[in-house]
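Same order as they appear, the protein sequences are chains A and B. Mind the numbering: the first sequence is residues 1 to 223 in my numbering, read in order. Mind the numbering: the second sequence is residues 1 to 475 in my numbering, read in order.
Since the hints were made in silico from the structure, they are not lab data. Quick reminder that beta carbons are idealized off the backbone N, C-alpha and C, glycines included. Each hint should be verified, as a subset may be incorrect.
[What the hints assert, rightly or not] In the DSS-like style, the derived pairs of lysine-lysine whose C-alpha atoms are separated by at most 25 angstroms in a straight line are: (1) A/75 / B/210; (2) A/75 / B/430; (3) B/402 / B/456; (4) B/457 / A/46; (5) B/430 / A/46; (6) B/419 / B/430; (7) A/75 / A/61.
[To be verified] Covered stretches of chain A, as calculated for chain B (at least 3 residues, CB under 8 angstroms): (8) 70-81; (9) 157-163; (10) 194-204.
[Unchecked claim] Non-contacting residues of chain A with respect to chain B, defined by C-beta distances greater than 12 angstroms in every case (computed): (11) 36; (12) 44; (13) 51; (14) 60; (15) 84; (16) 176; (17) 178; (18) 190; (19) 210.
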Amino acid sequence: MRGFHIRGAREAAKGRINSWQLFPIMLFHPLECYDMIKLERDTQIKVLPAILLILLAGLEKYAANFLVSFQFRQKDPGAVNLWIEMAYVVAPVVVWVIANFCMTSIMDGESKPKEIFVTAAYCLAPYLVLTPVGAALSHVLGDGEAGFYGFLQSAALVWVVLLLFFALLRQNDYGLVKAIGVALLCILFMVVFLAIFVFLASLTIQLVSAVQEIFQEIQRKIL
Amino acid sequence: MKRMITLIAALLFFAQAGLCVQARETDWVIDNDGQRLAVPKTYLVKGVITYLGEEGGNLYEPKDIFIDKEDCIYVADSGNNRIVKLDPEGNFVAAYTGGGTLLNPQGVFCTNFGSIFVADTGNQRIANIDERDEIQETFVKPKSELLMDSSDFSIHKVCVSSQGLIYVIKGQQFMTIDANNEFKGFVGANSLPFSLKRTLIRMFASQEQKSRMEMEEAPPFNNFVISDSGMVYGVAATDSARIKKLNASGANLFPGDYTAEPVYGEDGFAIDPDYVDIAVDSKEIISVLERNTGHILQYDQEGNLLTIFGGKGEKKGYFQNPCSLAVNSRGEVYVLDASTGYIHIFTPTSFMEHVASAICFYRDGEYDAALKEWEAVIETDTNYPVANMGMGQVLYKLDRPKEAMEYFELARVQDRYGKAFTDYRYAFIKSHFFGVVLAVVLVAAAAVVFLFYALKKTKLYIHDYHYGPEGGKGQ
């Protein structure tokens, strides 16, 4: 059970770890990966690869719309928008990071924003791997085997969610019950956050259009 | 003043130009996304019957039109209390009044043997009139325990099946009466959609409370027709399954999910449709008349929307208050306008004739002929979803799955694409058996090897991290 006690592990670490090595470690030994990111957040861990991973996930989601076989497509490729597809991946991750930081801060957690962000990015690893696999498989699966494709997609999603949950548990040294509680709080926070965001966005749009109208009115009346 | 006249002339000219632009040069269908998709003209106005000559006069508030085997046209001229018969060219032949007894007749039907059945609404009876305008027999409300004594027998539409049963609409279902005026049964009841409120009321309200509440009834049928194959086609004012195709036992055979598509008014907004009449032609193409927009929608037997044409307006081929339609043996559509008393006649274009024959050939299993017809259709309009779908189905039946897949993709039908692909895959594996086996084995082996390599590497990374690059080697 080496590595389970973070303080012990910190002293034992001697070697170096680079950003791309963390990727397979997250897939096969996620607990080690959480510890490494936590221990090395101020030394060896870089933010840029994490940003690239998130963007790559968004790009994969976008590209999958074109590369998946026609019979499994959920959208018409003509109606796919790069930014909207990217937002489907980036927005939940970013909101999760904010929610996670806010909630762990008040629930005596230990993680820092950078560490949460990098961990969340690496937690997308199963999605990054399984999406291309699914796209390739879709070209050999027949109509009776649609279940395999659906299973692969749900498996990737469940795997990512589990990774995020255990990261919360591990990096803050929570027990299982407390971790579940904090995770539920995080989800609640995300819902509220998104609701407020949508509300503010629509208000801003209305404000902008109101200012525009006033400007136009003045322009027509005076000029 | 001169300037004024020029201005008015110019305005009139532009108004005229605007009208020209408004006239549609295409008909349309609704695509998978619920958007209008233009298709070439499917029906042209052949003519309008407005005046029936000295003898016939005008129609006044007519309610129903029927076309018999010989293409003779019968109109229930309700306002004039008569039934009018026209020859296939639209010339007046005779008017029937049942010896002057018909009162506000709203439905008419003619059997293959020439006896005319009239829904004599004002007299609450069905009258069977012969060629000499004599009433042969009348049918009144039959006696049955299933019929409430108080309810009246106000019937609007009547049809007679080839077995000799008389069908009338009784609210949300059809009632059948035999030749002895005996009640035979109800068929094809519409059901009420599920409602939480009603369920709760049923669970908790007392008998007394329930009796005081207004009784909710399922949406009624508006009109119906019995096809040559003996199927009863009805239109009901429901949200889903507006078109029903009932067999003798009353089961609905029409694919219901296709009929719930949005119906758009002239302004482009979706409206609540009011389907008032239905007709089925010799090729089993179903025409439905929508009253609010004056649109005629045509479907094939699988529920695919073939075309939408017509509309409201003052011009030829546009209606004010369309109330009934019928189709003759040449596939010409006759639409009756209740407000003006005009009969508008539409004749299919060659485009539509190709579509209809393709569907017909496909149904009869003549796939090569169907292929030729669909090719002609696609030559005119490559974007027509029905054609791409039909082409895919024909090619699939002709055992050409690869091409079928292309057309199914164009028509955006995923399930059929999947079926065609499965067939294609089977044929491919059959012809390249060893190659496929080899490829599968190689890919599987490569995946396993890669997985083991990745696992081993990962362990090494972790080990190196904990003990340093050299640290673990010696242990």
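Hints and how they fare:
no.	hint	verdict
1	A/75 / B/210	48 angstroms, violated
2	A/75 / B/430	32 angstroms, violated
3	B/402 / B/456	43 angstroms, violated
4	B/457 / A/46	21 angstroms, holds
5	B/430 / A/46	52 angstroms, violated
6	B/419 / B/430	17 angstroms, holds
7	A/75 / A/61	12 angstroms, holds
8	70-81	holds (count 5)
9	157-163	violated (count 0)
10	194-204	violated (count 0)
11	36	7 angstroms, violated
12	44	10 angstroms, violated
13	51	22 angstroms, holds
14	60	19 angstroms, holds
15	84	16 angstroms, holds
16	176	24 angstroms, holds
17	178	27 angstroms, holds
18	190	30 angstroms, holds
19	210	27 angstroms, holds
In summary, the structure is inconsistent with hints 1, 2, 3, 5, 9, 10, 11, 12 from the numbered list given earlier, while agreeing with the others.
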